[in-house]
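Student: Here is what each chain is made of, one letter per residue.
2 protein chains.
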Amino acid sequence: MNRTLVENLNENIGNQVRIQGWLHRVRKLGKIAFLFLRDRSGVVQCVVNTKEIDIKGVRVESVIEITGEVTESGAKNEEVEIQVSNLMVLSQVNHELPMEVNKENIEASLDVMIHNRVLSFRNRKVAAIFKIQECISKSFAEFLRGEGFKEIFTPKIVKEGTEGGTELFEVKYFNEKAYLAQSPQFYKQMMVSSGFERVFEIGHVYRAESHDTKRHINEFISLDLEMGFIQDEYEIMELEERLIRYLIHNICKQCKAEVELLDVNVPIIGEEIPKMKLSEAIEILKTQYNKTNLERDLDPEGEKLISEYVKEKYGSDFIFLTHYPQEKRPMYTMPAPNGETKSFDLIFRGLEITTGGQRIHSYEVLKEKMIEKGLNPESFEGYLSAFKYGMPPHGGLAIGLERITASFLGIENVREATMFTRDKNRLMP
Amino acid sequence: MNRTLVENLNENIGNQVRIQGWLHRVRKLGKIAFLFLRDRSGVVQCVVNTKEIDIKGVRVESVIEITGEVTESGAKNEEVEIQVSNLMVLSQVNHELPMEVNKENIEASLDVMIHNRVLSFRNRKVAAIFKIQECISKSFAEFLRGEGFKEIFTPKIVKEGTEGGTELFEVKYFNEKAYLAQSPQFYKQMMVSSGFERVFEIGHVYRAESHDTKRHINEFISLDLEMGFIQDEYEIMELEERLIRYLIHNICKQCKAEVELLDVNVPIIGEEIPKMKLSEAIEILKTQYNKTNLERDLDPEGEKLISEYVKEKYGSDFIFLTHYPQEKRPMYTMPAPNGETKSFDLIFRGLEITTGGQRIHSYEVLKEKMIEKGLNPESFEGYLSAFKYGMPPHGGLAIGLERITASFLGIENVREATMFTRDKNRLMP
Chain D
1 MNRTLVENLN ENIGNQVRIQ GWLHRVRKLG KIAFLFLRDR SGVVQCVVNT
51 KEIDIKGVRV ESVIEITGEV TESGAKNEEV EIQVSNLMVL SQVNHELPME
101 VNKENIEASL DVMIHNRVLS FRNRKVAAIF KIQECISKSF AEFLRGEGFK
151 EIFTPKIVKE GTEGGTELFE VKYFNEKAYL AQSPQFYKQM MVSSGFERVF
201 EIGHVYRAES HDTKRHINEF ISLDLEMGFI QDEYEIMELE ERLIRYLIHN
251 ICKQCKAEVE LLDVNVPIIG EEIPKMKLSE AIEILKTQYN KTNLERDLDP
301 EGEKLISEYV KEKYGSDFIF LTHYPQEKRP MYTMPAPNGE TKSFDLIFRG
351 LEITTGGQRI HSYEVLKEKM IEKGLNPESF EGYLSAFKYG MPPHGGLAIG
401 LERITASFLG IENVREATMF TRDKNRLMP
Chain C
1 MNRTLVENLN ENIGNQVRIQ GWLHRVRKLG KIAFLFLRDR SGVVQCVVNT
51 KEIDIKGVRV ESVIEITGEV TESGAKNEEV EIQVSNLMVL SQVNHELPME
101 VNKENIEASL DVMIHNRVLS FRNRKVAAIF KIQECISKSF AEFLRGEGFK
151 EIFTPKIVKE GTEGGTELFE VKYFNEKAYL AQSPQFYKQM MVSSGFERVF
201 EIGHVYRAES HDTKRHINEF ISLDLEMGFI QDEYEIMELE ERLIRYLIHN
251 ICKQCKAEVE LLDVNVPIIG EEIPKMKLSE AIEILKTQYN KTNLERDLDP
301 EGEKLISEYV KEKYGSDFIF LTHYPQEKRP MYTMPAPNGE TKSFDLIFRG
351 LEITTGGQRI HSYEVLKEKM IEKGLNPESF EGYLSAFKYG MPPHGGLAIG
401 LERITASFLG IENVREATMF TRDKNRLMP
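So the protein sequences, as listed, match chains D and C.
Position 47 (the first sequence) corresponds to 47 in my numbering; numbering is contiguous.
Position 137 (the second sequence) corresponds to 137 in my numbering; numbering is contiguous.
What the hints contain is simulated information worked out from the structure, not anything from laboratory work.
It cannot be assumed that every hint is accurate.
One copy or any two copies: either way a pair holds, since identical chains are not told apart in the list.
With a straight-line cut-off of 25 Å between C-alpha atoms, the simulated DSS-like cross-links for lysine-lysine are [to be verified]:
hint, residue 1, residue 2
1, K172, K304
2, K275, K313
3, K131, K328
4, K214, K159
These figures come from a predicted structure and were not determined experimentally.
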């Protein structure tokens with residue numbers, strides 16, 4: 001007999017079925033026991049006559065197989081239940097569980113949850129976070145494919161660090177010293193010049209930052225895109241706005257149950273995402289919030305306040321801050337007049353979730369900017385040479401998958417939205 | 001005026017358009033010049049009156065913008081051409097090109113092509129390889145999503161090597177020693193146990209093998225899947241056969257032009273992919289091919305010969321070899337009687353393109369097998385603990401993206417099907 005998933009039991013009333021999953025919970029009532037079996041699609045109540053079937057040795061979270069008849073359920077909120085004729089343990093739990101996963105919320109510290117990651121995923125609410133995360137990454141790819149983008153896979157072992165040697169993890173690469181890529185920045189730009197024009201990558205990136213905050217992890221998934229033949233950075237922002245709308249739409253449609261379960265405060269864009277010069281934002285914070293400590297950049301408090309301002313004034317949870325000063329941006333950023341750049345950040349409810357902008361496409365200008373930033377152009381030969389043979393005007397952006405998931409769901413610590421955390425204190429599991 | 005892509009010019013006869021791309025080729029004919037502009041969608045001939053527009057300074061592969069009228073073409077094989085009214089150089093080539101990319105085939109060594117990767121991608125045939133590669137990775141994800149699999153992203157910086165310390169790249173992780181993941185093996189198994197049941201990952205893997213062959217690179221993309229609640233390894237093979245059919249179908253349908261351009265000898269499965277015990281294959285090679293040097297494994301010549309045998313006898317380019325001996329398989333492989341295992345390889349035209357099988361799901365058996373293989377279970381704590389709390393019977397497989405691309409296309413050196421090669425001699429670009 002083929003396995004039936006819990007979600008398909010409704011269509012099988014009166015039939016014998018074989019179901020498989022984890023023993024979610026047990027409730028005993030005299031000679032009757034109710035076993036709750038959980039598989040990837042849901043939970044079902046199974047009625048056992050304990051005089052006929054011995055359930056003594058079966059511990060919660062063991063993997064079991066049940067055969068029986070599907071009947072309409074007497075319990076409220078349940079459509080069907082199983083009258084068990086046979087119970088088999090496929091994989092017995094012989095160890096004490098470090099936490100209970102069958103409650104609505106896991107009652108354990110984040111650290112214990114992360115340490116016992118496999119178990120914590122079995123909790124419905126935890127699983128829901130990653131269902132939504134998968135929706136985001138899948139929708140990112142889908143949307144961009146629809147816009148003519150191609151998916152690329154670029155090396156993560158690199159000789160040249162994106163920003164020039166800081167905050168990089170070192171790799172022993174045969175007899176050479178190499179690094180883990182901080183971002184696919186160089187490669188995605190090169191792939192624009194390769195004739196692909198529009199590319200995206202969903203891949204691991206590495207930051208050897210040793211500070212330990214709720215916003216940072218040392219290995220994460222970066223959603224990157226880069227496109228050629230743009231007029232300016234506004235084209236990238238226009239694309240991102242449509243992308244964000246698509247993500248939110250898909251989350252609400254494809255993850256309706258998860259959005260409800262997690263009680264998500266769905267992000268609101270409004271008419272359009274407001275755009276504001278960084279200098280203008282700083283001015284508003286100074287005059288209207290009496291925040292006078294900002295100079296040519298925002299701090300986390302500034303990001304929060306300007307988000308509140310925009311929410312009140314424009315009804316949007318998002319704001320594009322533009323024209324970041326040159327000294328705050330990497331060497332490849334396209335300069336604008338007055339020491340500013342053609343770059344932007346997207347702030348969502350007080351947190352930066354995207355950095356993007358137009359890039360320099362002239363070989364000579366890029367080389368000059370490297371020198372200005374104190375970098376040696378010879379260390380960037382592989383990257384620079386792509387600019388020698390016809391690089392279109394281009395730009396792009398990057399979104400941290402774990403961070404956007406956490407911020408959309410109102411999760412404070414990005415580790416909760418990270419499958420397996422890598423930080424200064426954690427290399428396992 | 002918005003940019004028009006070359007592929008959409010047909011619908012614009014009589015209209016003024018703005019097109020952008022690379023200067024593919026120039027042909028002069030008295031006062032007239034023909035400029036061929038290439039964008040991501042194709043090449044178009046543009047007619048220039050050189051008395052009105054100076055094209056002297058414009059070098060091949062420069063990025064240009066042309067405005068003009070779309071007219072029906074006089075040239076054969078061309079539907080339309082552009083009567084140029086304006087030409088602008090967006091990005092000038094000021095350097096000698098290291099190779100010509102506008103020929104049918106690039107006349108340069110593989111090494112020069114790889115070194116000048118960005119340029120070589122501009123060649124139609126090179127680009128076609130990666131169009132097909134993208135079709136493979138995209139179809140892999142699509143097929144598995146249709147089968148209830150979820151995409152996962154697992155860490156590539158690991159403390160525990162899959163096979164226990166050999167052939168790993170070392171990473172300096174703050175004050176600890178870590179490694180680059182050889183495969184997502186441990187994590188995909190753990191994610192089965194997490195309740196996701198069916199998972200796949202498309203991600204980078206690392207092998208610090210120092211030998212330099214046409215089949216091996218040191219960083220590649222692995223298409224991994226793992227599924228719970230299987231009966232045995234035959235369920236994995238059954239899934240893979242349907243997956244391979246889906247890949248071939250999509251390649252033929254979605255990459256028709258590329259398949260023709262590269263003159264691909266489309267893989268043939270036949271009625272079904274034949275399955276044969278490894279020991280049986282060795283016996284056939286011994287008795288029918290007089291190949292007597294094989295003991296409990298095939299060498300590359302053996303793989304070629306058994307593929308020829310199967311092609312002749314069953315009309316299939318594929319064969320599943322099953323029941324590899326325990327000493328040839330990793331510790332997590334499910335044992336079978338007589339020192340064999342519930343594992344398989346998929347051989348395609350003489351080359352192994354998949355390794356898979358059922359895994360051990362018992363904590364105690366797995367621990368025992370580690371010890372048998374000379375490994376210390378304590379070094380695998382993060383992995384092993386996932387088996388303590390209910391691990392379903394499960395199995396999976398891995399396919400190297402670059403290798404399957406190369407073998408399907410009849411490309412001998414896997415580097416040709418690798419976007420940016422990482423091998424013992426190459427860390428750049």
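Student: Each of the hints needs a verdict: does it hold here or not?
Tutor: Hints and how they fare:
In the homo-oligomer, the alpha carbons of K172 and K304 never lie at most 25 Å apart, since the shortest distance is 41 Å inside one protomer and 36 Å across protomers. With identical chains, the CA atoms of K275 and K313 are at most 25 Å apart within one copy only, with a shortest distance of 13 Å there and 67 Å across copies. For the homomeric pair K131 and K328, neither the shortest alpha-carbon distance inside one copy (35 Å) nor that between copies (37 Å) is at most 25 Å. In this assembly of identical chains, K214 and K159 lie within 25 Å of each other by CA distance solely across copies; the values are 23 Å between and 30 Å within a copy.
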